[in-house]
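> Here's the letter readout for the chains.
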Amino acid sequence: MARNDARTSADGLRALADEELMQLVRRSDHKAFEIIAERHSGAAYSLAYRMCGTRATAEDVVQESLLSLWRSNTRYERARGSVRTWILGIVHNRAIDALRRGSVHSKRRASDEGIEERFEAKERTDVEVARRDEAREVRSAMEVLPPEQHRVIELAYFGGFTHTEIASMLDTPIGTVKGRMRLGLAKLRSALDPAGTTG
Amino acid sequence: MNDLGHIDPFSDDIGAWVLGALPEADAVRFAAHLETCDACAREVAELRVAVDHLPLVSAQVDPSPELKDRVMAVVRREAQLLEAAGTGADRPARAHDRGTRNRGVWGWIASRPLAASACAGVLLVAGLGIGIAVGGGGGGASSAPPRTLAASAPPRTLAAVSNGEARGMLITGAQDAELKVSALSAPSRGHVYQVWIRRGAGLPTPAGVFTVDLLGRGAVALRGSVAGAREVLVTEEPEGGSPIPSTEPLMRVALS
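Sequence lines, in order, name chains V and A.
Sequential numbering of the first sequence, starting at 902, is according to my numbering.
Sequential numbering of the second sequence, starting at 159, is according to my numbering.
In isolation and in its complexed conformation, chain A is listed as follows (with noise of 0.2 Å):
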């Protein structure tokens, strides 16, 4: 094992970090510390391996069947969902539908765009690149750095609704997009947050759906390509998600 034991100010936090046993503003610090010092990168490559290995240590025991039919019914209504999506869910709507569309809370929005996001409190947030941590990865990723779609793609801004502290950043890669939120109160019990692609005058796309951490954190590789969509949003749907937005946008991001 090389450089074990080289000294900086962030060193120390090493095996904690990736003991995930970081404190959540010690994390953020030592993430960022991490983008600059191979040195530590490469120390905590090194650990990690043994990290990696505790999990061996627990005894092996089997959950209940039903947890597997659980997982797999949500996840056969959402394919089901994304495969309805993709037979042309995004029509523009037919000339004779315009008049008499009543699609509650969503016609609403469809048809006053500038007042919900008036009455929504619209908050511009410029994206930044550190300090958003969604869980997933291995040791101490509790509180990894976020990571970027592609360097060449700069974020873009969204505009946040609701409350006012929830934040968001669309990430948009060659060819590919993801929705990163903070401070995002948790959805309601039963109910995911659901992402959607607009384009032109039609219904959205569902594109996927997410939801929180403790910290009001999430994250969403989105379905389908952003490009030439009017704009992303963000909903609360019914676990396993909707075929169309049932509640008003939490979130809303123009692209065009």
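With the rest of the complex left out, here is chain V (with noise of 0.2 Å):
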């Protein structure tokens, strides 16, 4: 009983690995919710924005995304990898989605070019710095792509268009598309994890 009240004490809970939160929110802990919504909507909003283009939709999808979180609408499972993972796909859908609707197709970016410099997040702590030496990684291996291989993935990832759009956007055989989303991926996984030892 004391170790369940030093768990659920507010220490106690910041404390806790993502994991463990998780299955206190599953039990509609809503301290933990609180927790897991501090430690990634800076990421989510971050995904959200870069998709969306502005601020307001980018926040009422990282809502919908927390919501769903919360009311078990999407289960987290670890086997499909780390909490924030697993957020942020659920953040990438409901910006997809958002996306599809067809409000904001305009507003959407090929690049973030411009965001950093007006609202960049501070560092903060040690994490975030590793954090961002993690995505200084990424955008090398980005960058080391053919950029026909490079545009595809933005295009799909970022601007939440289908083969068959950016196909037509490219004017480029949708087969071509589809080889170079999946020539690109393999490559930047090898540059990512060159033992494969992830995943």
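Rather than coming from a laboratory, the hints here were simulated on the basis of the structure.
Hints may contain errors.
Unchecked claim - Lysine to any residue pairs mimicking SDA-like chemistry, simulated, CA-CA at most 25 Å apart:
{"id": "1", "chain 1": "V", "residue 1": "Lys-1088", "chain 2": "V", "residue 2": "Ala-1068"}
{"id": "2", "chain 1": "A", "residue 1": "Lys-226", "chain 2": "V", "residue 2": "Gln-924"}
{"id": "3", "chain 1": "V", "residue 1": "Lys-932", "chain 2": "A", "residue 2": "Lys-226"}
{"id": "4", "chain 1": "V", "residue 1": "Lys-1088", "chain 2": "V", "residue 2": "Arg-985"}
{"id": "5", "chain 1": "V", "residue 1": "Lys-1088", "chain 2": "V", "residue 2": "Glu-1035"}
{"id": "6", "chain 1": "V", "residue 1": "Lys-1088", "chain 2": "A", "residue 2": "Ser-169"}
{"id": "7", "chain 1": "V", "residue 1": "Lys-1088", "chain 2": "V", "residue 2": "Val-1045"}
{"id": "8", "chain 1": "A", "residue 1": "Lys-226", "chain 2": "V", "residue 2": "Glu-1029"}
{"id": "9", "chain 1": "V", "residue 1": "Lys-1088", "chain 2": "V", "residue 2": "Ile-1075"}
{"id": "10", "chain 1": "V", "residue 1": "Lys-932", "chain 2": "A", "residue 2": "Ser-400"}
Build the complex from these two chains, which are given one at a time in their own frames, with help from the hints.
Dropping the structure here:
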């Protein structure tokens, strides 16, 4: 009983790993959920903003995603990866839904130029510094991709376009677009983990 | 990496699937194929490692402080409702209440269930295990196949009401139940769909809230067991949910 009290106190909750907090969230513990939201809303918002292009839409997407998580509409499974990866997957899907509703298509970005100049998040902790380092690594891996592979991956993942739409935009056969996606991701996978130790 | 470059009629779609770039119909077919093709499943898992890193490319920006406030306002309200529901909201109505109970719409439905079913144009749907995607999971998972709770528990049928096109499936497992819907129109602005579990003659207890995506798909894991319950209902309620249903059920499934 004493151990449970320690776990559910504010400090006790903050000391828990995401996976343990998610078990509490599943039992409708809103304090555990609040900590999950605090930890991951920044990354969630960054992705949503990158895709949707407006703060209001990005916040709507993040709100829908977090509420979906709270309501257990989509259930976390450890086999799927970290809690953050899972949350960002939800955000990605919700952002695609928002984009495909059509209202924000005109505001989609092909790149995130300019965002950093305006509202860049502050580096706060060692964890955030480590994430920035990891981000640089991923950007470097993306930059060595052939431009045509980089382009289709960016249009698909961040633009939310289907392969059919991309093929039309680039005046390229659908099969070529699919091939570029597959090859580009395979190269990115190799660049990120040459030894194949992750996943 | 093993099996990259394997060829079958669906292998060309692997990259697009992981990126979420398959059109809906293609995604449904690919999802079904993944259930039976280990080689494609392995490659999906490999490429998903790359996709999971892509969000890091986004410039890190902070949302407004109000975002968390809005989310937590809804969450706290729903948590309060769920906590209140756990303290006896499912007890049968007392004898002196039965004759005079006037619960508005809910009272009408509770007293005329057969009439409500007839007027609503019931459509029985056989449970199918594929094709209904819910926006969740990783790359491509906006079209991911539905996840059943327990392979040994066959899905139950739902009676769909409202416009006759909405369909639903209640999947019951050993310990919990999940409701999946499709072709359900979005709730009105500021509203959500709420699931209820009804036992005995009492009021139903709130069991979760959900909304639907662009294609009318939604899912919710029911909070509370359906063991011994009479029926599961879906109504449209204000954001955050309600302590008792305030509208006619859009969907209803009898469990006993």
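> Taking the hints in turn, state whether each one holds.
Comparing the hints with the structure gives:
no. : hint                    : in the structure
1   : V/Lys-1088 - V/Ala-1068 : holds (21 Å)
2   : A/Lys-226 - V/Gln-924   : holds (21 Å)
3   : V/Lys-932 - A/Lys-226   : holds (13 Å)
4   : V/Lys-1088 - V/Arg-985  : holds (23 Å)
5   : V/Lys-1088 - V/Glu-1035 : holds (17 Å)
6   : V/Lys-1088 - A/Ser-169  : holds (17 Å)
7   : V/Lys-1088 - V/Val-1045 : holds (9 Å)
8   : A/Lys-226 - V/Glu-1029  : holds (19 Å)
9   : V/Lys-1088 - V/Ile-1075 : holds (20 Å)
10  : V/Lys-932 - A/Ser-400   : holds (21 Å)
Consistency note: the structure conflicts with none of the earlier hints.
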